[in-house]
Amino acid sequence: MAAIRPNSGENPIQECHIRFSQPSKGTLLIQFTGHWTLQNELPSVNDVEKQLGGGGPIQCVSFDTQALTGWDSGLLAYLIKIIDECKTRNIKTDQAGLPDGVRRLLDLAYAVPEREGARGVAKRPSLLARIGTDSINVARGTAETVSFIGEATLAIWKFLRGKARYRHVDFTMTIQQCGPQALPIITLISFLVGVILAYIGAVQLEQFGAEIYVANLVGLAMAREMGAMMTAIIMAGRTGGAFAAQLGTMTVNEEIDALKTMGVSPMEFLVLPRMLALMLMLPVLCLYSDLLGILGGAAVSISILDLGVLEYFNQTKNAIHLHDFAGGLFKSAVYGTLVAIAGCLRGMQSGRSAAAVGDAATSAVVTAIVWIVVASAITTVIYNILGI
Amino acid sequence: MPEVTEKNDAHITVQDLTMAYGDFVIQRDLNFTVRRSDIFIIMGGSGCGKSTLLRHLVGLRSPARGKVLYDGESFWDADPSDQVRMMRRFGVMYQSGALWSSMTLAENVALALEEYTALRPAQIRELVSLKLALVGLSGFDEFYPSEISGGMQKRAGVARAMALDPEILFFDEPSAGLDPISARRLDNLILELRDSLGATMVVVTHELASILAIGNNSVFLDPITKTMIASGDPKTLLAESKDPRVHSFLTRGEG
Ligand SMILES: Nc1ncnc2c1ncn2[C@@H]1O[C@H](COP(=O)(O)OP(=O)(O)O)[C@@H](O)[C@H]1O
Ligand SMILES: [Mg+2]
Chain Z
1129 MAAIRPNSGE
1139 NPIQECHIRF
1149 SQPSKGTLLI
1159 QFTGHWTLQN
1169 ELPSVNDVEK
1179 QLGGGGPIQC
1189 VSFDTQALTG
1199 WDSGLLAYLI
1209 KIIDECKTRN
1219 IKTDQAGLPD
1229 GVRRLLDLAY
1239 AVPEREGARG
1249 VAKRPSLLAR
1259 IGTDSINVAR
1269 GTAETVSFIG
1279 EATLAIWKFL
1289 RGKARYRHVD
1299 FTMTIQQCGP
1309 QALPIITLIS
1319 FLVGVILAYI
1329 GAVQLEQFGA
1339 EIYVANLVGL
1349 AMAREMGAMM
1359 TAIIMAGRTG
1369 GAFAAQLGTM
1379 TVNEEIDALK
1389 TMGVSPMEFL
1399 VLPRMLALML
1409 MLPVLCLYSD
1419 LLGILGGAAV
1429 SISILDLGVL
1439 EYFNQTKNAI
1449 HLHDFAGGLF
1459 KSAVYGTLVA
1469 IAGCLRGMQS
1479 GRSAAAVGDA
1489 ATSAVVTAIV
1499 WIVVASAITT
1509 VIYNILGI
Chain L
49 MPEVTEKNDA
59 HITVQDLTMA
69 YGDFVIQRDL
79 NFTVRRSDIF
89 IIMGGSGCGK
99 STLLRHLVGL
109 RSPARGKVLY
119 DGESFWDADP
129 SDQVRMMRRF
139 GVMYQSGALW
149 SSMTLAENVA
159 LALEEYTALR
169 PAQIRELVSL
179 KLALVGLSGF
189 DEFYPSEISG
199 GMQKRAGVAR
209 AMALDPEILF
219 FDEPSAGLDP
229 ISARRLDNLI
239 LELRDSLGAT
249 MVVVTHELAS
259 ILAIGNNSVF
269 LDPITKTMIA
279 SGDPKTLLAE
289 SKDPRVHSFL
299 TRGEG
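In the order they appear, the protein sequences are chains Z and L.
Take any residue in the first sequence, count from 1 to its spot, add 1128: that is its number in my numbering.
Take any residue in the second sequence, count from 1 to its spot, add 48: that is its number in my numbering.
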């Protein structure tokens, strides 16, 4: 018996069979022959069930493995099915005829009883239940968001009084990340947005011979809205998602728990520097984006509409007032706050798995963009009422 | 596949192995042999390069110099397709568990079976239940790794490592961070699996109790001289080694 060893692998398909006999009344002898490994087609366990069910009551099942040439988990799984079947039918099993290793593994498999109720029965809840669960989740999510914003506000208040605890390195690193490192992509996108705006305007304004007003269109659009909006959306994808992924990974690794138990508020330590950095850097990026957009518009106007360089810039200067820039900059500070909150909130809410971190990053970007658009609408209406 | 294997034939042979991260040499001139059905212990203090050696043995890092042979076949001189074939004969339990966090335990164990065998889903389910039962996690099929304790995660890691009935099982600090009873149970599991499956076990550990209880062969790595300073049965080393470093390690510095 000791000669028989489990097999691991690379053999060509070999035969394996099962035979039944009844050496004495009430005893079923199951004979295994050949190579019982997973890469062979194992016989169906139905045959055994038929034998147990049909023909004379059986009280005991025994095994013969003299002609077994090799085995692996396939044989074990098969035996477990037989033994479980026998248990439900109150039939004894005699394992003496099994190879030594098989017997020991079976003992091991049955050593710890199956945990009751642990095997999850996935049941699809009813429509009503799902609506209920979803509503509760929405309510809970809103409450979490509100309390997060509250805590963030408190953290900023503490910061203003100089009492917040965070690492200055974190702050400068984040500034670096969402400032200088974002310049290339902001340059490209802003310039192209200016180009696009100029083209759209030019086609219409040319019909009235009013090409010069392309300067007004591009300048005002960039300064009041597009500069802030484009930088915010870029930063939502670039930095907001990264915040969520960082904080989510820290949640998975229990790093956030470690901070909490040391009495360090993750809000001050992790969220505050990120939020401050984005709030500070987004207006700067926005201003840069405004200028590049105007440059893009100028490039189109000068090369295609035959406007003079000086002419274009004078027109721009007269069209945009300081408060247009100020309005745009204020908006971008608001957007920066929203992007930072969305990123950090989703990161802190992340579940404890790799997939959950991915979801958190996605959700951070989507949330931020929705908030940006809503905030843009609200501020535009307010500016209108105030006559800015 | 030989039906009867001799006690002393070499399963893994390490020849003149030097391991380095870039220019930073971790260990040099390692020479040892793991025989079939050994429980081979890789021991040494923290940071001496045990995990690094394991990563070289399982084919995750290539040696700076030297060879690793499996049944006389050099891993790093083989074609990529042969390397994959050889790696399929290994099962690895990682130091931190490394269970895939977004899959249930059943899915963790099933992945290799789905990739490498042509079994039907029902058969895979049965095998997964069997492997989980073997490590005492019967009925935890649908749990996620974050929902079970650290010791259970380690055992789930063992179940996943055993998925394909490997010839060689590697364990990186299986009992670290476990209570003495769970650690002992895991040791017994390793012994039991070796005895019943006849698999070769390579265990990284610095738990003295484990080393003496289950090991029958070993290599001792020293971080100062950056090479192995002893090898052989740990119990013999304890009784006979004259080297003060080995002796004090095996007696917790009390001997
Ligand atoms: N990815 C890596 N890059 C550079 N050095 C490493 C890396 N991983 C480990 N090391 C170094 O290799 C040495 C051995 O590490 P390791 O094998 O993990 O030790 P241990 O014996 O505790 O398992 C340590 O000094 C560690 O600093
Ligand atoms: Mg290690």
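Worth flagging that the hints you see were computed from the coordinates, not collected in a lab.
On a predicted model such as this, the values are computed, not experimentally measured, just so you know.
One thing to keep in mind: the hints can contain errors.
[Stated by the list, open to error] Over the 10 Å line for every Cβ pair with chain Z, so calculated as not near, a few chain L residues:
id : residue
1  : Gln63
2  : Glu121
3  : Lys179
4  : Ser194
[What the hints assert, rightly or not] With a straight-line cut-off of 16 Å between C-alpha atoms, the simulated EDC-like cross-links for lysine to aspartate or glutamate are:
id : chain 1 : residue 1 : chain 2 : residue 2
5  : Z       : Lys1251   : L       : Glu190
6  : Z       : Lys1215   : Z       : Asp1235
7  : Z       : Lys1215   : Z       : Glu1272
8  : Z       : Lys1209   : L       : Glu174
9  : L       : Lys274    : L       : Asp77
10 : L       : Lys115    : L       : Asp127
[Stated by the list, open to error] According to the in silico footprint, chain Z covers these stretches of chain L (three or more CB under 8 Å from chain Z):
id : segment
11 : 143-155
12 : 242-255
The C-beta atom is built at its ideal place from N, Cα and C for all residues, glycine as well.
Do the hints match the structure? See the list:
No Cβ of chain Z approaches the Cβ of glutamine 63 of chain L within 10 Å, the least distance being about 24 Å, so the stated non-interface status holds. With a least CB separation of 12 Å from chain Z, glutamate 121 of chain L remains clear of the 10 Å interface cut-off, as annotated. The Cβ of lysine 179 of chain L does not lie farther than 10 Å from every Cβ of chain Z; its closest approach is about 7 Å, which violates its non-interface assignment. With a minimum CB-CB distance of about 4 Å to chain Z, serine 194 of chain L fails to clear the 10 Å threshold, and the non-interface call is violated.
Distance hint between lysine 1251 of chain Z and glutamate 190 of chain L is fulfilled; the C-alpha atoms sit about 13 Å from each other, no more than 16 Å. Taken as a hint, the lysine 1215 of chain Z and aspartate 1235 of chain Z pair is honoured in the structure, with Cα atoms around 15 Å apart against an allowance of 16 Å. Distance check on the hinted pair: lysine 1215 of chain Z and glutamate 1272 of chain Z sit about 51 Å apart at the alpha-carbon level, beyond 16 Å; violated. Annotation: proposed proximity of lysine 1209 of chain Z to glutamate 174 of chain L holds, straight-line Cα distance about 9 Å (limit 16 Å).
This hinted pair checks out: lysine 274 of chain L and aspartate 77 of chain L have alpha carbons roughly 9 Å apart, not beyond 16 Å. In summary, the hint linking lysine 115 of chain L to aspartate 127 of chain L is supported, as the alpha carbons are separated by about 15 Å, within the 16 Å threshold. Counting residues of the segment 143-155 of chain L whose C-beta lies closer than 8 Å to any C-beta of chain Z gives 3; at least three are required, and the coverage claim holds. Restraint check on the segment 242-255 of chain L versus chain Z: 5 residues with Cβ-Cβ distances below 8 Å, three needed, restraint holds.
This entry does not satisfy hints 3, 4, 7, going by the numbered hints stated previously.
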